[in-house]
Amino acid sequence: MTLTKVLSLTVLMGLPLAGVANGQMAIPEGREEQPIVRQARERPAAPEESVSFGIFAEPMELSTLIDFVGDSLGINIVVKGSPEGEVVFNAPIEVPKSRLIDLLDAMLDQYGFTVTYEPATQFYVVQPTSEVKPVFGDQLATTKIIATPNIKPSLLVPALQSTLGGPSTGTAGGGNAGTNNAIQAVDELGVLIINATSRDIRRIEGMVEALITIDKDQQYIRFELDHLAAPIALNRVVGLAGGSTSTGTSLNIQQGGRNNQGGNQGSVVSLAGGSLTNLGERITIDPQGNALIFKGTQNEIDRVRQLLEVIDVPNTLEPKNYFAGSSATQIADIAKRRGLGEVIQIEDETNQFSGFGNFNQQNNQFNTSSDEGQGGPVMVVDPTRGNIIYYGTPEQQAQLSALLDELKTEDERIVIREYQLNHTDALTITDLLTGIITGETQTGSSALLDGAAGRTSTRFVNQFGFPVDGESGAFDPDKITVIADEFSNQVVIKAPIKQQEDLERLIGRLDMQRAQVYIEALIVSVTDNEDFTLAFESQITAGQYSYGTNFGLSSRDNFLDPKSVSTSLGGLTQAVIMSDYVPIIVNATQTNSDVRILSQPQLLVNDNEESSIVSIEEQPYTEVSQGTGGGQNVVGFAGTVEAGTTLTVTPSIS
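For the sequence shown, the working numbering gives the first residue as 1050, with consecutive numbering after it.
No wet-lab data here; the hints were simulated from the structure. One thing to keep in mind: the hints can contain errors.
Pairs of lysine to any residue, SDA-like flavour, derived with a Cα cap of 25 Å [to be verified]:
1. K1182 / R1251
2. K1129 / K1182
3. K1201 / K1129
4. K1528 / I1568
5. K1201 / V1240
6. K1344 / T1433
7. K1457 / T1433
If you anchor each label on the Cβ, the simulated ranges turn out as follows [what the hints assert, rightly or not]:
8. V1464 / G1688: 53 to 61 Å
9. Q1562 / E1666: 31 to 39 Å
10. E1666 / T1638: 25 to 33 Å
11. L1260 / T1442: 42 to 50 Å
12. E1659 / Q1562: 18 to 26 Å
Positions of the beta carbon are idealized from the N, C-alpha and C atoms, including for glycine.
Build out the structure end to end from the sequences listed, making use of the hints.
Written out as structure tokens, the structure reads:
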């Protein structure tokens, strides 16, 4: 085959001509002609010498092309191996000499060969791509370090491998490339170490530069949130943008390879998370406030701002608490089926039988919703307290309230009420109510129990309830608490509303006015006593002589004075009174006594109930210690002695 080498050197010569065209405007008289200053034009650079390839009737062998490039550039090219292949030029092409090596490298790359340069020998080497060794330099280097500022290099490796058609293990340049063609990332330094052909290195450099340019165009911006929490806003923004709230998106790369039997197949890149946007990976939550921080281009910032304006609005759902009782979960499910919203159930972690509870919930048709990001009206169910907190519009609140009114769930609300007792003490009623509620056997000595007074009796209450004489069914001991208030003589009961009425009627039947007995007694001292007293006193006074007796019937200051008859004598008193003496005084008294009333106690006591009246008087007494050796006797307080009357009765009239 004969090649025609065409070298064209074009030299542009000549200068632009300047002149005055016909019809040029005349210069007015009296005005000097101004010289025209023209700037010199830059002379265009001489065009680069090029080589032209014409249309050949037959394909050109690779070895011939190698020799032609070496002769045209005047360089030494060493061929390692046997590059077999042909090149066909279907149209004329003109290639600058500086691009001949690139043209040769492109043709060799199609057949698994490449051109490298050895700086030490200044030889060009044509060799298989699988045998390329690391060579540093500015010309046809096979090893190069590429900086990736602000970008983590290891994140770029899978994408670069996929673009170059290399295996996902980190090598580039074809399926037969060795480890010397690997793309390695050094995250600590922020660089990529490329071991590949010069052609692949130029491709990688172009992609890295494009990525760095895109990263420079991005900026950080902070979005303040007023009505939504930052994590919720993040999930909603990503969801509205067509992404997934999951952060576990992974990259899956399938490599076809250059030498695969399936032909020229490209790489397939798929996202396992199913997300169409990467906003979620570039939006972070500000831990120092309720805000989102986003990194992106201006168009992306405007889009995120538009989404936040849509979702960050005041919540129009009003929360309201409803009491639903033990059927709170079932009622919430009914409301859900009627379109009132989703259900979130609060689990009771303190329940020791939580394992059985979870099993029942799994088999129960009333399951709770697990879609946390769905939003909208929602019912928060607390089965332990029997409450439903509903977030909904006023119209939806009215529907749920009507449903609860129809089911009369308010009857199960537990309230505390006090019941004043008029005829029975609080402790007695409390004991009776406790026995009725718990269904246990009650033993006591209260007068309200069956049996005679003072005797211990036992009452057995039906453990399945108290359904007699119009009373409702069984009481739940787990929901009813009875406490006695002795100071106010009342009973405090904590129970559901529907059972408070039953307990009130029961207390009314127990707190009845009981039969009472009024007792009036006389305590007397009976004695048989008949006393007769006859006393005489006489007095004689004759000169210096005086005579008299004294039995308490009279009194005088001295022996010679006349006597004065006592006026306090009982019975009959007679006396002969003379001017200077009283000759005789006579007093006669007779007393007959047989009964003396000591006490008259009165007592009002309940039937069959023991009661006592105790009247005790304490009298002190003294103690005398006789002195010895001529000492005086010592009198001191010795104590008190009790004496009185005690009356104990137990009436029985029924």
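Consistency of the hints with the structure:
no.: 1; hint: K1182 / R1251; in the structure: holds, 17 Å
no.: 2; hint: K1129 / K1182; in the structure: holds, 13 Å
no.: 3; hint: K1201 / K1129; in the structure: violated, 38 Å
no.: 4; hint: K1528 / I1568; in the structure: violated, 45 Å
no.: 5; hint: K1201 / V1240; in the structure: holds, 8 Å
no.: 6; hint: K1344 / T1433; in the structure: violated, 46 Å
no.: 7; hint: K1457 / T1433; in the structure: holds, 18 Å
no.: 8; hint: V1464 / G1688: 53 to 61 Å; in the structure: holds, 59 Å
no.: 9; hint: Q1562 / E1666: 31 to 39 Å; in the structure: holds, 36 Å
no.: 10; hint: E1666 / T1638: 25 to 33 Å; in the structure: holds, 31 Å
no.: 11; hint: L1260 / T1442: 42 to 50 Å; in the structure: holds, 49 Å
no.: 12; hint: E1659 / Q1562: 18 to 26 Å; in the structure: holds, 19 Å
In summary, the numbered hints that this structure violates are 3, 4, 6.
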